[in-house]
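*Asks:* Just so you know, the protein sequences line up as chains A and B, in that order.
Offset between the first sequence (1-based) and the working numbering: plus 100.
Offset between the second sequence (1-based) and the working numbering: plus 23.
It should be emphasised that the hints constitute simulated quantities derived from the structure, not laboratory data.
In this text, all values refer to a predicted model and were calculated from it rather than measured experimentally.
Beta carbons are placed, not taken as given, at the ideal position from N, Cα and C, and that holds for glycine.
Keep in mind that a hint or two might mislead.
With a straight-line cut-off of 35 Å between C-alpha atoms, the simulated DSBU-like cross-links for lysine-lysine are [said to hold, decoys possible]:
1) 334/A - 379/A
2) 461/A - 406/A
3) 102/B - 125/A
4) 263/A - 365/A
5) 170/A - 137/A
6) 263/A - 102/B
7) 102/B - 269/A
8) 145/A - 334/A
9) 461/A - 137/A
Only part of the chain B face toward chain A is listed, based on derived beta-carbon distances under 10 Å [as the list claims (entries may be wrong)]:
10) 29
11) 30
12) 32
13) 33
14) 90
15) 91
16) 94
17) 98
18) 104
19) 110
20) 112
21) 119
22) 123
23) 133
Covered by chain B, according to a simulated footprint, are these stretches of chain A (three or more residues, beta-carbon under 8 Å) [stated by the list, open to error]:
24) 243-249
25) 255-265
26) 289-301
27) 343-357
Residue-level listing of the chains:
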Amino acid sequence: MANGLFEKGAITGIGETAYTRGSVKSDIALQMEASLKAIADAGLKPTDIDGVIPYAAGAAVAEDFITNFKLPDLRFSATTPLGGASCVAAIQAAVSAVAAGLANHVLIPIGRNGYSGARIGSRVQQMPQFRVVGEYEMPLGTLAPAQLYAHMARRHMEMYGTKSEQFGKIATTVRNHAAMNDNALRQEAMTLEDHQASRMIADPLRLFDCSLESDGGAAVIVSASERAKDMASKPAYIMGVGEGHPDSPSTITQRDDMTTLGTAKAAPRAFEMAGITHKDIDVAEIYDCFTYIVLCQLEDLGFCAKGEGGDFVASTNFAFDGDLPLNTHGGLLSQAHIVGMNHVVELVKQLRGTAGSAQVKDAEIGLVTGYGDMGDGTVAIMRA
Amino acid sequence: MEMERLYPLPNPDSQPYWDGLRERRLMLQQCGECGTIRHYPRPVCDHCFSMEVEWVEASRRGTVHSWSESHHPFHPSFKADLPTMFVTVDLEEDVRLVGILRDPEATLRVGLPVEVRFEDAADGAFSIPILVADRSGGS
Chain A
101 MANGLFEKGA
111 ITGIGETAYT
121 RGSVKSDIAL
131 QMEASLKAIA
141 DAGLKPTDID
151 GVIPYAAGAA
161 VAEDFITNFK
171 LPDLRFSATT
181 PLGGASCVAA
191 IQAAVSAVAA
201 GLANHVLIPI
211 GRNGYSGARI
221 GSRVQQMPQF
231 RVVGEYEMPL
241 GTLAPAQLYA
251 HMARRHMEMY
261 GTKSEQFGKI
271 ATTVRNHAAM
281 NDNALRQEAM
291 TLEDHQASRM
301 IADPLRLFDC
311 SLESDGGAAV
321 IVSASERAKD
331 MASKPAYIMG
341 VGEGHPDSPS
351 TITQRDDMTT
361 LGTAKAAPRA
371 FEMAGITHKD
381 IDVAEIYDCF
391 TYIVLCQLED
401 LGFCAKGEGG
411 DFVASTNFAF
421 DGDLPLNTHG
431 GLLSQAHIVG
441 MNHVVELVKQ
451 LRGTAGSAQV
461 KDAEIGLVTG
471 YGDMGDGTVA
481 IMRA
Chain B
24 MEMERLYPLP
34 NPDSQPYWDG
44 LRERRLMLQQ
54 CGECGTIRHY
64 PRPVCDHCFS
74 MEVEWVEASR
84 RGTVHSWSES
94 HHPFHPSFKA
104 DLPTMFVTVD
114 LEEDVRLVGI
124 LRDPEATLRV
134 GLPVEVRFED
144 AADGAFSIPI
154 LVADRSGGS
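Extracted from the complex, chain A is given alone in its bound form:
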């Protein structure tokens, strides 16, 4: 069953709101706006939606979509509580549902006021996915992802000689792509010197190693492949998907190898299902909450061996016209932090050939990842 879900489903609709800092819309309104755009892009009516996977840590529940869209018969709902890995995990769940005939068109929405809304505090401490670090680490003052993840980055640097300048190369490349995207928050140029001069947040992570806090929504529709070919927009067929959870998933500090993410378990499954190799990947949209997390995923995805990420980053051209085009929309680092749904939307645009200035020439096969909740990793491979 290695290829069980191979091309059983396709992304048939994509939608995004404007990405901002300073939204006057509710979290739910952002999700509805993005969802309506995705539904229209697919050539569907809202009432055609019969499956929905709301963001597990978000404001909206499936009932909100029944109410707002007057859905006559929602047949499938689920949540995928993997933090930033949720969107790609939801694609796996959605393909499973359409492959099994449980639903025809599954809506996967996300939207939040990540800048204007709630910040970190005791509310976060008591969320189940943070309960362990909430009890044992947050009361010491180490509570934000930058602080928690910095231990991984420092360990990687000490064990493998990885350098801050290699993190900086990721940040500057992704910024260049944001500057080509009208719907990106950070347009101004960033040099490696700018990166190195940016203030320290949680050593070794500097400000420009961190993603943006931002407001916005994005959504996709997953449909059964046999329906997809007759729909309004060019489908992106899902060749392979995978989900992986690291050992000691709830706390990084107790993890035997804190430089390995759940991605290392997910990636072989996704590549085997897709039946392709890394050389076949024309474009990669890799979850970039922090620059280090990109470098670590490149290893765990198998683009290079564990410990070689620093050298791989230094020797690879990640520009849209380079060796391995990376985060061609500007990523969470410089476009907006839309929990990685903006990565999914961008991959679909690339495979449709509608990605604008940063369009990768002849992009036929691409990869998108999710990462979150202390180390969960998800991978989807799609083709035009």
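Following the hints, complete the assembly by docking chain B onto the known chain A.
*Replies:* Then chain B, alone, in the frame of chain A:
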């Protein structure tokens, strides 16, 4: 406005750990069946799946596994303590612990021997582990 503060949220599985810190003892869970020590506290031994638990006092000795120095005030109640050096330690008992380094002279490196000590937090509402370099010349 009263400043929000993050407190531990002990439950029956973890109360002895927090009680131990207040008494200046580092207490760890040990499986009552197979003797495997585990941390952070939780109900089941992942070696033999027994739910029998004993508590043992740890050596308070270990070596540095990784670290991070925080500079940004993510939460107002910790702002006065910045910059803060958080250190992940491999304890002799083969589990990890996070503590705050209270040793300005120490130069951190992977494998540096450290000793766990204790400090009251939040006006004495609870106690936390802190770390100093172990200069006893052991490992």
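*Asks:* Hint by hint, work out which the structure violates, then give me just those numbers in ascending order.
*Replies:* none
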